[in-house]
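Please put together the full structure from these sequences, using the hints given.
Under full-length UniProt numbering, the first residue of the sequence shown is numbered 1, with each subsequent residue one higher.
A couple of the hints might just be wrong.
[To be verified] Here are the computed distance ranges between Cβ atoms for each label pair:
| no. | residue 1 | residue 2 | range |
| --- | --- | --- | --- |
| 1 | V235 | D97 | 45 to 55 angstroms |
| 2 | K40 | V235 | 47 to 57 angstroms |
| 3 | T191 | E130 | 21 to 31 angstroms |
What the hints contain is simulated information worked out from the structure, not anything from laboratory work. Since we're looking at a predicted model, the values are computed, not measured. C-beta: ideal position from N, C-alpha, C; glycine also.
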Amino acid sequence: MKLTAKIKLLPTKRQAELLLTTIKEANSVCNALSDWAWEKKKFKQFELHRERYYPTKETCQLSSQVIIRCISKVADSYKLDKSRKRIFRLTGAVAYDSRILTYNTTKKRVSIWAIEGRQKIAYVGGKHNEALLAYQKGESDLLYTKGKFFLLATCEVPDDQTETPEDVLGVDLGITNLATDSDGQSFSGATIEATRQWYQKRRSVLQSVGTKSAKRRLKKLSGGQRNFQKNTNHVISKQLVTKAKGTHRAIALEDLTGIRERATVRKAQRTKHTNWSFGQLRQHITYKAIRYGVPVLVVNPRNTSRTCNKCGYCKKANRKSQSEFVCRLCGHSANADENAALNIRNLGLINRPMVASQLH
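See the structure below:
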């Protein structure tokens, strides 16, 4: 499995100047290459390399390999859309490969090419990221943000061998409770909702101001909300996968493809509904499960919230409220999300022979 390790570089003042100069020079070269490609309507990497490698090498301070990476970056940018000219930020990320960047995980430092030659720079990254670097393979991106330098390293981590599960852990994803499993454990969305409301109020205030400073704050707010939600989803997914792994169970999830388009939501709840990332938590559960050898089963979501887990009676009226389930036939009552999670588990048990059926 490919994962990304993020480490923070600790350059000296002079090294920081060299790295920033290198980033700006590389992106200037990308813009010059993009200008030529757009004018000549030649977007393929082979054409760019043949026509522009030597002229570029004569007019810039970059090494041969950095120029090659710039050519690749420009060619890749036009693969998706050739209808508009590509413009690169001067401080945008720069790709490095093993010819111009090496990691010394023992001494916790990198040897990275910059305009005045290779620089040996220390790094920090926390236990998780530093452990991932043992599997570093392929390109890394040099990132400059808020005055600091980071490397995003591609790491090919071997997956654990997929186990044959003894049981299934059903997981129901929602909004009020972000996730509820068939053991009855719920992960409340109350904190995310309170945070969303705070960001929404701040956003409304700043939008009404309309100054340049307010626009900068708006951009920062957007990033803060995304990071908070992403971190919350990581924590929840880790707990669910750890539980399934420790109890030798597969994880069953509903196929929620297109749920935003299918779901009918009251106007008062529309913002809350569209602000929550249905796919992100599911993706986090999936990739962690695959990494640790836990099978993931995809089940049909039809009627999982309306069907009684005890007697199988299905009726819309069984769902008394968002949180309460009462069967109109047998009288069984339960938390609605837990009842749905148990139904998902049962569907997973039916599908259990197809353990290779995993989400992507």
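Okay, the hints, checked on the actual structure:
{"no.": "1", "hint": "V235 with D97: 45 to 55 angstroms", "in the structure": "34 angstroms, violated"}
{"no.": "2", "hint": "K40 with V235: 47 to 57 angstroms", "in the structure": "50 angstroms, holds"}
{"no.": "3", "hint": "T191 with E130: 21 to 31 angstroms", "in the structure": "29 angstroms, holds"}
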